[in-house]
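Model the placement of chain B with the ligands on the given structure of chain A, informed by the hints.
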Amino acid sequence: METGIAKAAAQPQSQDLKDPAYLKIRDVVYQISGIYQPEEKLYLLASRCARRMSAVKASTPSEYLDYLTVRGNREAELRLLLNEITIGETYMFRSPAQLEALRNVVLPQILQAKSALGFKRLHLWSAGCSTGEEPYTLAMFLLEEKERLLSGWTFDILATDLNDNSVVAAKAGIYGEYALRSTPDVLRRKYFKAHDANHLQVGEELKSLIRFDRVNLNDDSKMTFLKGMDLIFCCNVLIYFDLSSKRKVMQHFYANLLPGGYLFLGHAESLYQVDDRFHLMHFPGAFGYWKPPLGYIGGGKK
Amino acid sequence: MKTLEEILPRIKELDSMPSVPAIVQPLTALLRQNPDRVKLEKVVELVSYDSTIAAQCLRIANSPLFGRRNTETVRSAVIALGITRIEAIVLGSCVNRIVPHDKWAMDALTFWRHCLGCALVSSRLAKLIGYADPEKAYLAGLLHDLGILVNMVICAPEFRVGIQKAHESGIPLHSSEHQHLGFTHCQSGKILAEQWHFSSDVTAVIEHHHDVINATSACPLVAIIHLSDLLCRMRDLGYGYYEAMGVDLAGDAAWALLVESYPALVKMDLARLTMDIDGAMEEITNVVNAVFKPEPAVAR
Ligand SMILES: C[S@@+](CC[C@H](N)C(=O)[O-])C[C@H]1O[C@@H](n2cnc3c(N)ncnc32)[C@H](O)[C@@H]1O
Ligand SMILES: [Fe+2]
Ligand SMILES: [Fe+2]
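From first to last, the protein sequence lines are chains A and B.
Counting the first sequence from 1 gives a position; my numbering is that position plus 31.
At position 271 of the second sequence (counting the first as 1) the number is 263 in my numbering, and the numbers step up by one without a gap.
Bound-form chain A, shown alone (with noise of 0.2 Å):
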């Protein structure tokens, strides 16, 4: 969500931004999404409404705040406000270590507690998937491990996001560079297909693993659907949430998870604070939130 600020149409003027609508849009959004621009980052809010604005032939940001609030098809409007908002930073491998956590760590504990109780079956979830780069990236690792670690499972990947554009780019499932730097070349080879010049396409086996869908995480009606994970990565999404939304997201991942399964985050975010149920655990070059099994009992944690 940092990039794309330069770009995002004209800047506001800086009287404008006194304008006390803009305190008004902030908190439509932030009831909306969680997301929340305290008052010295209201700029970059500003600037992602001024290409609505100009869209819509809103004048003043009070005018546009009717756009939000009250005008027929406000819903629609607020949606096309967030895919502006929502704009993410990501590439695939963006987290080797938590891969690596992953294979050596995380997956044979969660496979052997599972295989015992006779399960053979994974579920993933990318929360706040952006364009998909994580999601594959999940896939690729799965697939690299199917004849070693996970022969004899069977795996599925739920990824969401916010952005409605971002959801329908992660599904058509097209790279350039930027998105490729840290991805091997055998699995470039392995795993995409050529699209143009400049970019490649992820293949049907990437594809089939993956389920594509628009889920806001503060949507509390939909997040009690999502139950069932082994695994949830939400890696840089809850950064601009408050404290008060990151703990409501993290109740309902708390609840989504199986026992025994893991929460993965950025990293550079702590859950200090704000779900102390969870246990963080260290593995080399990075943190997961881990959900005990019933029963566990865990040395010093009061």
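Hints in this document: simulated from the structure, not taken from any laboratory.
Note that beta-carbon positions come from the ideal geometry of N, C-alpha and C, so glycine has one too.
Check each hint, because a few of them may be wrong.
[To be verified] Examples of chain B residues toward chain A, derived with CB under 10 Å: (1) E(-2); (2) L223; (3) R225; (4) A236; (5) M237; (6) G238; (7) L241; (8) M260; (9) T266.
Relative to chain A, chain B with the ligands alone:
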């Protein structure tokens, strides 16, 4: 496989090795005293006694890290660095010299990055929870793996195998030592620590940093170093190989032990502490390079 009885005489021999600087013993004696009572002049005198170490102090003091460029005397180097820190670092570089070049079974810089990392994290953690003597935690962190050096010197072939197997299987080094040497660096380190009259708390750390529940003295210090050691190993400040494990620090026995005396621990943002380590990585590498990187002899 060896027994401790077998290795005992060989650890004794370490003392008479020409490479062991004569200032180790007086320096540790100094470190056992209350820091306020340690005289600047005494440290300067000891450091000046060994020209290699004196040169090392100047190198550290003159490194951009400390913002000093033209430190020419040992005295000003000691002042620039601060007495306690310089003692610890000097001691580290003394200890370093028990290992002849051809005996290093792991990369020396990797080893010292681990030790210095552990020192920094330990003192940081000590401060955060209100432990009374963070400098002691620094020293203990720096020296906790003394036994690894001992093992490299006295049973080089077995230790090489131990390290090799740890690399291959991703198990902790002390477990691998246990399998391939018959004892761990905790046990051998303790023997040398006693021989060198290290303070009893630092010795307890050396002996019990991998089995905190068996420590009978200095338990909070042992627990602090134990947790810091784990943290470093999870943050690219380990022994140079991938340790395939997940660490639940707050579920660790050492954590439970510490929480009893230092309730502030519960309120700590552990993930943040860990990210701070990443931030300190450059400093750690710089100090380690300044102190431990072999360099052509420095002019006296
Ligand atoms: C920086 S991207 C992260 C992409 C990927 N997870 C990664 O780490 O590379 C953040 C994504 O979070 C999404 N997001 C923000 N708020 C959301 C919400 N309330 N519900 C669902 N997704 C949201 C944005 O649309 C954006 O695509
Ligand atoms: Fe150790
Ligand atoms: Fe260690």
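Minimum beta-carbon distance criterion (10 Å), B/L241 to chain A: Nearest chain A Cβ about 6 Å off; hint holds.
Closest C-beta approach of B/A236 to chain A relative to 10 Å, hint status: holds, 4 Å
Chain A contact restraint for B/M260 - C-beta distance below 10 Å: holds, 8 Å
Interface hint compliance - B/E(-2) to chain A, C-beta minimum distance less than 10 Å: violated, 35 Å
Hinted contact B/T266 with chain A - closest CB pair below 10 Å: holds, 7 Å
Agreement of hint B/R225 with chain A interface, Cβ distance less than 10 Å: holds, 8 Å
Interface hint compliance - B/M237 to chain A, C-beta minimum distance less than 10 Å: holds, 6 Å
B/G238 as chain A interface residue, shortest Cβ-Cβ below 10 Å: Since chain A brings a Cβ to about 4 Å from B/G238, closer than 10 Å, the hint holds.
Status of the B/L223 interface restraint (C-beta, 10 Å, chain A): holds, 7 Å
Hint 1 from the list above is the single one not met by this structure.
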